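Undergrad: Mind docking chains B and C on chain A? Use the hints.
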Amino acid sequence: MEFTDKHVQGLKDLLYKMADDLLIIGHRNSEWTGLGPVLEEDIAFSSMAQDKVGQSLALYEILHQLGESDPDTVAFTRNAPQFHCSQLVELPIGEYDFSLVRHFFFDHAEAIRFDMLATTVVEPLQMVAKKFRGEIKYHTMHADIWMKQLGESEEAKMRIQNTINEVFPYALGMFELSDFEAELQEAGIFDGEFALREKWLNKVVPLLESFGYTVPNAQTIIPEFGGRKGQHTEYLQPLLDEMTEVFAIDPGADW
Amino acid sequence: MNIVSIDPRVNRSQIDENTQEGIANPLEHFQTYEVFEQKKRGTHHIHVGSVHAPSAEMAMIFAKEQYSRRGQCVNLWVVKTADVFATEYEDSDIFDTISDKTYREPEAYKVIDRIQAFKERQKTN
Amino acid sequence: MYGNAYVDPENKIVNSITANEDPIKLAEFESRIAAGDKIEPMDWMPAEYKKQLVRMIEQHAHSEIIGALPEGTWITRAPGFRRKLALMAKVQDEIGHGQLLYSAAETLGKSREAMTNDLITGKSKYSNVFNYPAKTWADSAVIAWLIDAGAIVNQLANSKGSYGPYCRALDRICAEESFHLKYGHDNVVFLATGTPVQRAMVQDALNRWWEPIMHFFGPPDKESIHTATLMRWKVKMGSNDDMRNMFLDMYVPKIWDLGLTLPDPNLHKNEETGRWEYTEPNWEVFKQVINGNGPCNKERLAVRRKAEENGRWVRKALAKPTEKYVIPLS
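Residue numbers (numbering that gives the first Met the number 0), protein chains in the order written: chain A, 0 to 254; chain B, 0 to 124; chain C, 0 to 329.
Be careful, since some hints might not be right.
Below, in silico cross-link-like pairs of lysine to any residue (SDA-like), each with a Cα-Cα straight-line distance of 20 Å or less [as the list claims (entries may be wrong)]:
| no. | chain 1 | residue 1 | chain 2 | residue 2 |
| --- | --- | --- | --- | --- |
| 1 | A | 136 | A | 114 |
| 2 | C | 122 | C | 323 |
| 3 | C | 319 | B | 27 |
| 4 | C | 37 | B | 89 |
| 5 | C | 109 | B | 23 |
| 6 | B | 79 | C | 40 |
| 7 | C | 122 | C | 290 |
| 8 | C | 323 | B | 53 |
| 9 | A | 136 | B | 56 |
| 10 | C | 319 | B | 55 |
| 11 | B | 122 | B | 110 |
| 12 | C | 233 | C | 53 |
| 13 | C | 122 | B | 46 |
| 14 | C | 286 | C | 297 |
| 15 | C | 315 | A | 94 |
| 16 | A | 202 | A | 172 |
| 17 | C | 315 | B | 20 |
| 18 | C | 297 | B | 16 |
| 19 | C | 297 | B | 89 |
| 20 | A | 147 | C | 154 |
| 21 | A | 156 | A | 136 |
| 22 | A | 11 | A | 180 |
| 23 | A | 147 | A | 200 |
| 24 | C | 109 | B | 25 |
| 25 | C | 50 | C | 108 |
| 26 | C | 233 | C | 308 |
| 27 | A | 198 | A | 116 |
| 28 | B | 79 | C | 109 |
| 29 | A | 130 | A | 53 |
| 30 | A | 156 | C | 311 |
| 31 | C | 49 | B | 89 |
| 32 | A | 147 | A | 206 |
| 33 | C | 122 | B | 18 |
| 34 | C | 122 | C | 288 |
| 35 | A | 147 | A | 204 |
| 36 | A | 5 | A | 132 |
| 37 | C | 37 | B | 110 |
| 38 | C | 37 | B | 46 |
Hints in this document: simulated from the structure, not taken from any laboratory. These numbers come from a predicted model, not from an experiment.
Next up, chain A with everything else stripped away, as it sits in the complex (with noise of 0.2 Å):
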């Protein structure tokens, strides 16, 4: 099938909303370098976050091949309001109750993607999913083990269930609906948002209450929505800040 302009653009908009939504999770989770709690827990983490930029990356580069400006460009000199990933991302590490939640909601969702794009007709995204596949797998069998082991301790699942309960409707945040659900469907690029969410419900819940928590219900819950058209909360455009404070030093130059 022939791209029209208008499939581009929706293409486009799929690698933004991805790209943004890998590097600031990525970024998010660099922050705990150093700081973990456990040395080798410590280690797997700053892994996983390395694991996102770099998929967050090969992505940016796609779009330099579709005319985009190189990846340091795209991602070190826009402000918030140009990014597309969803607010989820973008709140602080907060405590590692809130760090492992996020980590085992979006990870999820990201392998789900991924997945969905494996048969994509765009052959360079297509290559990437299938690329990152196995590292996708370990980050989110890092997750639930995690959020298994802790649910085994009475004081931890509390506390696991309370978080549960703040950060899913910013998980439901991820599946906005673009403005080219049907162009990237009709043109066999990706099969939309809806059904990522269908499927990925059907993984995250089950699994989370077969750990002993209990998931808010998705059809009555309101979805923090807006990251996606460039809607955030007052913790990305400081995040922004903070990631181009050297390269804003001179941005033509070569570091």
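TA: Coordinates of chains B and C only, in the frame set by chain A:
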């Protein structure tokens, strides 16, 4: 009085510079598991080190990143250190072998001269 | 990353460090080491050997963990993907090195909890160089190049030491450090050959870090029977001055090659002796800083304490009542 640092993470954490907290209790960092890594199918699992972990699954998750984040690996084993039964170094003499057990060495079996001599005898018959 | 084991002059080794040791076992032990054999955790070893090794390996481990703080501060601000990813990988490696080294020290019978507590109470030391602030991005580049270079000089020497677990940990560490050094050098080169602002940033960083770098290898050794014994036991693999000289020989020409200057007008190589000569660094300052009065000592330990405290509920939640402590094997 909170620490004022050039590190924005530290400032966000609002840390009291005179804090006395953080002291660890015994075993707070868990027992250890020994880690064995198989580089590729067909080779032996090799011991690479240990991790502190509260369970075997966690040990596995930790070992994957600590020992095989670079380089090849297709399989990992983790075993509680407490379950490894080891010999004593002061008994390492039990592994000494006495040299004259030539009956076990391939080089001690040479028959070419014997065969040659037999062939010579056959010719003259 | 590693700073040489700091031996506090107020805490001298007992006069005859082998006074109470079985002379036959001691002779056997020493001849094995002389033959290049390794000592393993359950081998017989003199008490002083064990004590010095625990202190050295523990300090090394603490240095890696504390070192992650001044470097880690620049992860969130690294300019561009290449630097961001590399710095994330590097600092993560340092934490990993800490893990390997704590494990090696544990084989000698000191628990990780005991070492953690000695660090945050100030009882155990770590490399002094991390008590200084990494003020700018260029500071992180200078640290990644020159402090890692210094660490590698020490680590390569120590990897030929006598204690099995420490040598094995160091082999792994040295392999990863080679990327750190390349990254650091690459970073400094880009800054030094870049815009005037970048050049000024890296020159300024170098000016501020030169004295801590000169302090890195520790005070000049005074010849003593203790040093001789520790070298015979392959615990100490070279004098502080020898290590420092090796470092200067390898890296000062590279620094000058980039058109950067160093704030010591006396620094030069004596072509006759082959040794580098320099203004003796201020060892009083070194002593002050290592004993708690540096710009960042308080901060480093407070941050570690807070991190430990924040993680307590997590560790508690995961703990199983049936756990027993067993010393790691190797």
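Undergrad: Does each hint fit the structure? Answer for all of them.
TA: Evaluation of the provided hints:
A distance of roughly 11 Å separates the Cα atoms of residue 136 of chain A and residue 114 of chain A; the hinted pair therefore holds under the 20 Å criterion. With a C-alpha separation of about 26 Å, the suggested pair residue 122 of chain C and residue 323 of chain C falls outside the 20 Å cut-off, and the hint is violated. Simply put, residue 319 of chain C and residue 27 of chain B have alpha-carbon atoms about 10 Å apart, close enough for the 20 Å limit, and the pair holds. Pair hint residue 37 of chain C plus residue 89 of chain B holds up; C-alpha atoms about 14 Å apart against a cutoff of 20 Å.
About 14 Å separates the Cα atoms of residue 109 of chain C and residue 23 of chain B, which keeps this hinted pair within 20 Å; it holds. For the proposed pair residue 79 of chain B and residue 40 of chain C, the alpha carbon gap of about 18 Å is at most 20 Å, so the pair holds. For the hint pairing residue 122 of chain C with residue 290 of chain C, the CA-to-CA distance comes to about 10 Å; that is within 20 Å, so the pair holds. The hinted pair formed by residue 323 of chain C and residue 53 of chain B meets the criterion: a straight-line CA distance of about 11 Å does not exceed 20 Å.
A C-alpha spacing of about 15 Å is found between residue 136 of chain A and residue 56 of chain B, which places the hinted pair at or below 20 Å, so the restraint holds. Proposed proximity of residue 319 of chain C and residue 55 of chain B is supported: the alpha carbons are some 12 Å apart, at most 20 Å. With a CA separation close to 19 Å, the supplied pair residue 122 of chain B and residue 110 of chain B stays within the 20 Å bound. Taken as a hint, the residue 233 of chain C and residue 53 of chain C pair is honoured in the structure, with Cα atoms around 14 Å apart against an allowance of 20 Å.
About 33 Å separates the Cα atoms of residue 122 of chain C and residue 46 of chain B, which puts this hinted pair outside 20 Å; it is violated. A threshold of 20 Å between alpha carbons decides the hint, and for residue 286 of chain C with residue 297 of chain C the separation of about 16 Å falls inside it, so the pair holds. Between residue 315 of chain C and residue 94 of chain A the CA atoms are separated by roughly 15 Å; this keeps the pair inside 20 Å, and the hint holds. With a C-alpha separation of about 17 Å, the suggested pair residue 202 of chain A and residue 172 of chain A falls inside the 20 Å cut-off, and the hint holds.
Proximity of residue 315 of chain C to residue 20 of chain B is assessed by CA-CA distance (about 16 Å); at most 20 Å being required, the pair is judged to hold. As the CA atoms of residue 297 of chain C and residue 16 of chain B are separated by approximately 7 Å, the hinted pair is consistent with the 20 Å bound. A distance of roughly 46 Å separates the Cα atoms of residue 297 of chain C and residue 89 of chain B; the hinted pair therefore is violated under the 20 Å criterion. This hinted pair does not check out: residue 147 of chain A and residue 154 of chain C have alpha carbons roughly 40 Å apart, beyond 20 Å.
Restraint check for residue 156 of chain A and residue 136 of chain A: the C-alpha separation of about 24 Å exceeds 20 Å, so the hint is violated. Restraint check for residue 11 of chain A and residue 180 of chain A: satisfied, since their Cα atoms lie roughly 12 Å apart, inside the 20 Å limit. Under the criterion of a C-alpha separation no larger than 20 Å, the hint pairing residue 147 of chain A with residue 200 of chain A is consistent with the structure, at around 18 Å. Annotation: proposed proximity of residue 109 of chain C to residue 25 of chain B holds, straight-line Cα distance about 11 Å (limit 20 Å).
Between the alpha carbons of residue 50 of chain C and residue 108 of chain C the distance comes to roughly 10 Å, so the proposed pair stays at or under 20 Å and holds. Our distance criterion of 20 Å between C-alpha atoms is broken by residue 233 of chain C and residue 308 of chain C, whose separation comes to about 38 Å. Under the criterion of a C-alpha separation no larger than 20 Å, the hint pairing residue 198 of chain A with residue 116 of chain A is consistent with the structure, at around 14 Å. For the given pair, residue 79 of chain B sits about 18 Å from residue 109 of chain C by alpha-carbon distance, which is consistent with the 20 Å threshold.
Of the pairs offered as hints, the one joining residue 130 of chain A and residue 53 of chain A holds, with about 12 Å between alpha carbons and a cut-off of 20 Å not exceeded. For the suggested pair residue 156 of chain A and residue 311 of chain C, the alpha carbons sit about 15 Å apart, so the restraint of at most 20 Å is met. For the proposed pair residue 49 of chain C and residue 89 of chain B, the alpha carbon gap of about 18 Å is at most 20 Å, so the pair holds. Note on residue 147 of chain A and residue 206 of chain A: the hinted pairing holds, with a Cα-Cα distance of about 9 Å set against a maximum of 20 Å.
For the suggested pair residue 122 of chain C and residue 18 of chain B, the alpha carbons sit about 16 Å apart, so the restraint of at most 20 Å is met. Annotation: proposed proximity of residue 122 of chain C to residue 288 of chain C holds, straight-line Cα distance about 14 Å (limit 20 Å). Our distance criterion of 20 Å between C-alpha atoms is met by residue 147 of chain A and residue 204 of chain A, whose separation comes to about 13 Å. Between residue 5 of chain A and residue 132 of chain A, the direct Cα distance comes to roughly 29 Å. Violation of the 20 Å bound is thereby established for this hinted pair.
At most 20 Å may separate the alpha-carbon atoms for a hinted pair to count; residue 37 of chain C and residue 110 of chain B exceed this at roughly 43 Å. A hinted pair counts as satisfied when its Cα atoms are at most 20 Å apart, and residue 37 of chain C with residue 46 of chain B qualifies at roughly 18 Å.
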